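Line by line, the protein sequences are chains A and B.
Counting in my numbering, the first sequence runs from 1 upward without gaps.
Counting in my numbering, the second sequence runs from 1 upward without gaps.
Think of the hints as simulated: they come from the structure by calculation, not from any bench.
Since the model is a prediction, treat every value here as computed from it, not as a measurement.
Beta carbons: idealized from backbone N, C-alpha and C, even for Gly.
Be aware that one or more of the hints could be misleading.
Okay, derived cross-link-like pairs now, SDA-like style, lysine to any residue, Cα gap no bigger than 20 Å in a straight line [unchecked claim]:
{"no.": "1", "chain 1": "A", "residue 1": "Lys211", "chain 2": "B", "residue 2": "Ser109"}
{"no.": "2", "chain 1": "B", "residue 1": "Lys114", "chain 2": "B", "residue 2": "His219"}
{"no.": "3", "chain 1": "A", "residue 1": "Lys115", "chain 2": "B", "residue 2": "Ser109"}
{"no.": "4", "chain 1": "B", "residue 1": "Lys149", "chain 2": "B", "residue 2": "Arg76"}
{"no.": "5", "chain 1": "B", "residue 1": "Lys22", "chain 2": "B", "residue 2": "Lys114"}
{"no.": "6", "chain 1": "A", "residue 1": "Lys211", "chain 2": "B", "residue 2": "Glu142"}
{"no.": "7", "chain 1": "B", "residue 1": "Lys114", "chain 2": "A", "residue 2": "Leu75"}
{"no.": "8", "chain 1": "A", "residue 1": "Lys211", "chain 2": "B", "residue 2": "Ser71"}
With beta-carbon atoms standing in for the labels, derived distance ranges [said to hold, decoys possible]:
{"no.": "9", "chain 1": "A", "residue 1": "Asp78", "chain 2": "B", "residue 2": "Gln167", "range": "22 to 28 Å"}
{"no.": "10", "chain 1": "A", "residue 1": "Glu105", "chain 2": "B", "residue 2": "Pro19", "range": "23 to 29 Å"}
{"no.": "11", "chain 1": "A", "residue 1": "Thr251", "chain 2": "B", "residue 2": "Ser5", "range": "49 to 55 Å"}
{"no.": "12", "chain 1": "A", "residue 1": "Ser189", "chain 2": "B", "residue 2": "Glu176", "range": "33 to 39 Å"}
{"no.": "13", "chain 1": "B", "residue 1": "Ser5", "chain 2": "A", "residue 2": "Lys115", "range": "21 to 27 Å"}
Stretch-level coverage of chain B by chain A, calculated; a stretch enters the list once three of its residues show a Cβ under 8 Å from a Cβ in chain A [claimed, not checked]:
{"no.": "14", "segment": "163–172"}
{"no.": "15", "segment": "206–212"}
{"no.": "16", "segment": "300–307"}
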Amino acid sequence: MNKPYSADTAFRGKFAYKNSDAGILRFPFPFAEDGYMYSVNIEPHVRGGPSEAFHHVFDVDEHYVAECEERAIVLAEDPARCQVLPHMMQAQWDTLELMMESLAEDYPEHFSLEKEGDRWTWTNRLLDIRDSFTFGDALSLPYEPFEYITRQGQGDFTLQDQRNDNLFLDGGMVTTQADWSLNFDLGMSFHEWHGPVPKAHEMGVFDRALKFLLRLPYGRPVRRLNWTMTINPRLDTSPENYSVWGPDRATVTPENVGEKVHLRVEVQTLFRLPRSNAILFGIRCYLISLAELSRVPKWRRRLHRVLQGLDPALQDYKGLVRYRPMAIDYLVDDGAPTSPGIQSDLTSL
Amino acid sequence: MIVPSQIPYRVREVEKLSPTLKRFYLEAADGGALPPSSAGAHVVLTIPGVHRTWKNAYSISSTPGERESYSIIVRRVLNSRGGSVQMHEGVTAGDVINGAVPHNLFALSRAGRKHVLIAGGIGITPLLSHAAALHGGEAPFELHQFSSKAEIPVFERLLGVYAGHAQVHGPGGEAEAVEAILTHQPLGAHVYVCGPPLLIELVVRTAEQLGWPTAAIHHESFGDHSAGAPFTAMLAKSKIEIAVGPDQSLLEAIEAVGVQAPYLCRGGACGQCMTRVIAGEPDHRDDVLTPEERAAGELIMTCVSRAKTPRLVLDL
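Okay, chain B solo, but in the shape it has when bound:
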């Protein structure tokens, strides 16, 4: 189908899972069916606030293909840029929020003979849709959740339907646990990890050391790594100079002055926001550019990358 890139979602229900976790159920504001989504997909929501808006990516945690509603789980993070606090405090059932249609940067590999899902904390969200897609299918799967002590009951409740597949691990001994998980997997197994950067690094490094093929190691990180020191950006085509604040991404600053810039994932993964740098040195924080492209300094991903020099000149 040809669909608009932005659609209005209505919040059908908000469910408090813990003091810092809320599950939001989103339905199509026009009452129709939502686009089907695939396992591992996310939506980018435009969260309205009093003084500003946020565009945050949230993994869809409900069953793929479900067209009546999507669910997302949001952790309230006090020291973040504020989108999650706004979701927790400012968004209630009945509200309409604009957002993108689902996009997938963390798909299951259909050629996998077995799927090993590893999550840390709120990183469970995309893996919940993976588990829903795999549950009852031909390829076996197992899910490992690493959790703080306080949240063990929360995740055990969330994963209750996957009894026999899912295990919640408390804090301590992560390195040994990951090694034990990855050591005795059959040929053709794929591992998927989502969570804090340290856990992702641990799983990727352990899998590599154990000889897993690179193509069988999957990770996604929507960690908020777009903040940093303020700088200015000159938009050469638009002839506008903008100030990029410390808690604002370059892309958000560009959008704030009304300039249309390309984007998709807003997480440095898809490459859609790639923009030519005319002057200044970028501080690359994306996963798209090759080391050679980074060194050349001629391209920047505006959604996550910033500046090493006080000023950048962009071809926008």
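Only chain A is shown next, with the shape it has when bound in the complex:
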């Protein structure tokens, strides 16, 4: 796997982050039609689908090494980005097992897992890691099991305990977030941590989603897409660091909008964990600049139309108000029709 840049210049400083041509074509574009409103857009998480990003249980792409390095930088500055409540230890081991088994099965060239009873050996060739440990013995790993394995994964992860017919956000590794705080939300129930989302409560989206998730079966994970926009390719747009990234919004001009403004897509996955009966929520963040995205004509004109028709409450919630007109102007709508679905309709760039 090539390593075009390191984390200290990719997601901060020079913002050297770039998608290759193949990276653009595999981008999980989130809009299946020319408009957007909230829905319970949950589908089975099976290997396959219109974007290559869906072809593995946990997607590993060209940004893997840089994103793991970026996570380490954020954790060094703020260890509270990874917290798990004490009653979730079994869910920690469930997560470690799920991620190790899935990564080793999907990417045998990069990862391997050898087991002799409870004695496991994990090899991560991309990060040059090889550790032997005892499954179930947290002291045999350099970190607690959830932190250990999510330091080696792209995207954020949270652990939801299921009790009282509700889900509680009782743990997480959150360094690539769209303006929400694990430290603030830790311990909250499903409706509490979704409190700030506009409109969807009235639509009954969260009531139905919670009912669905409470009966999520083991072995049949689901996924959904979510999106927002971010200025500069920053993974860490946290409330804790608002003073760092917030002012970026005022730096967008008609000249730099294509390079500065990024569509930020989250491929969210939900897994029932087998021993703990908890739910692992993966929030995998993908970034693409408007300049990169515009190389796919269908996506360019569709994003133009989505932004044009976006509900004012969603513009405000997603923080797009200041630069939305510039983005719409940049994404020229040639009036051509768009096919249904999220696929690029291209085989090469």
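Knowing the structure of chain A, use the given hints to seat chain B on it.
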């Protein structure tokens, strides 16, 4: 992991615990490891018979997380719909039975400071996995088994490993015993009950009267309450009319004509089999729909509910 919803299990061993109780040990038919299960989980087995098959839910009674085999305990019930008799008489070591991967509708509350487990008869099975998960852990637990006189030795043997935690109560004085159990528990305690409907009602009512928070009262009932008068169901999308027999659930009748219908728990608890009713009046027997949804009569859980009218029209 992404796993198939149905996997083949091989019966490794059958152990006779009493004249009517048999313990079956199930392993993965392909020789690999089973999915780990959580405390309180069950499997739905597809039990083959000569003239029909049964899909019955059985709680996993072995230690959670164990991947070599699961154990289930089946009571032979003569007047049931027949699945348990078939398990007792038709299933032996070496047989391969298809079944679902484990699913949990009766999990332990990890926030509980103490766990009080109460079982009646064969209702002990999910609580055996609860006890195995709690044994040696930080939160204290106690287990109370209500039993017929004849089976006291059977349950005492089953619960022998939990000496100091478990107590077997003989028949008579259940109301007083339950009240005594629930009266002096510390704040933060959770109670779990499984067994005959009367015992579940007794425990839930007593706990409520003693001021236990609703969220601390847990019960599961896989009682066979899907039988009743026969009726017909029109599957509108499939354009098939089916007869639902007296000893058959609506879901089983739908499956018998080859129509794929959603399901998970087959016990009226999970809501996965919810289907839209186009005409006719459902006889609701599930635990999912709200009183308002029941009154509206537009939805039905096919796994347990039936019809008050001779005919239902379903959106299937």
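For this session: Take a look at whether the Cβ-Cβ distance between B/Ser5 and A/Lys115 falls inside 21 to 27 Å.
Result: Check passed, 25 Å falls within 21 to 27 Å.
Decide if the proposed pair is consistent with the structure: A/Lys211 and B/Glu142, CA atoms, cutoff 20 Å inclusive.
Roughly 31 Å between the alpha carbons, so the hint for A/Lys211 and B/Glu142 is violated.
Could you grab the alpha-carbon distance between A/Lys211 and B/Ser109 and see if it respects the 20 Å cut-off? At roughly 18 Å apart (the allowed maximum being 20 Å), B/Ser109 and A/Lys211 satisfy the hint.
Could one say that the CB atoms of A/Ser189 and B/Glu176 fall in the range 33 to 39 Å?
-> Since A/Ser189 and B/Glu176 have Cβ atoms about 37 Å apart, the given range 33 to 39 Å holds.
| said: Does B/His219 sit within 20 Å of B/Lys114, going by the straight-line distance between their CA atoms? | reply: This hinted pair holds, its Cα atoms lying about 16 Å apart.
Distance restraint between B/Lys22 and B/Lys114, which requires alpha-carbon spacing of 20 Å or less: Violated, because 31 Å separates the two Cα atoms, which is more than 20 Å.
Would the pair A/Lys115 and B/Ser109 pass a check requiring their Cα atoms to be no farther apart than 20 Å? With Cα atoms ~31 Å apart, A/Lys115 and B/Ser109 exceed 20 Å; violated.
Check your understanding: Quick check: the segment 300–307 of chain B, covered by chain A? Criterion 3+ residues, Cβ under 8 Å.
Key -> Check failed, 0 qualifying residues.
- Item | Satisfaction of the hinted span 49 to 55 Å by the C-beta atoms belonging to A/Thr251 and B/Ser5 | holds (51 Å)
Practice problem: With a C-beta cutoff of 8 Å, work out whether three or more residues of the segment 206–212 of chain B approach chain A closely enough for the coverage to hold. | Solution: violated (count 0)
Holds or violated: B/Lys114 to A/Leu75, with C-alpha atoms at most 20 Å apart:
The given pair, whose Cα atoms are some 35 Å apart, is violated under the 20 Å limit.
Next on the checklist: Is 23 to 29 Å respected by the C-beta to C-beta distance linking A/Glu105 and B/Pro19?
Outcome noted: violated (47 Å)
Hints 3, 5, 6, 7, 8, 9, 10, 14, 15 and 16 from the list above are not met by this structure, while the remaining hints are.
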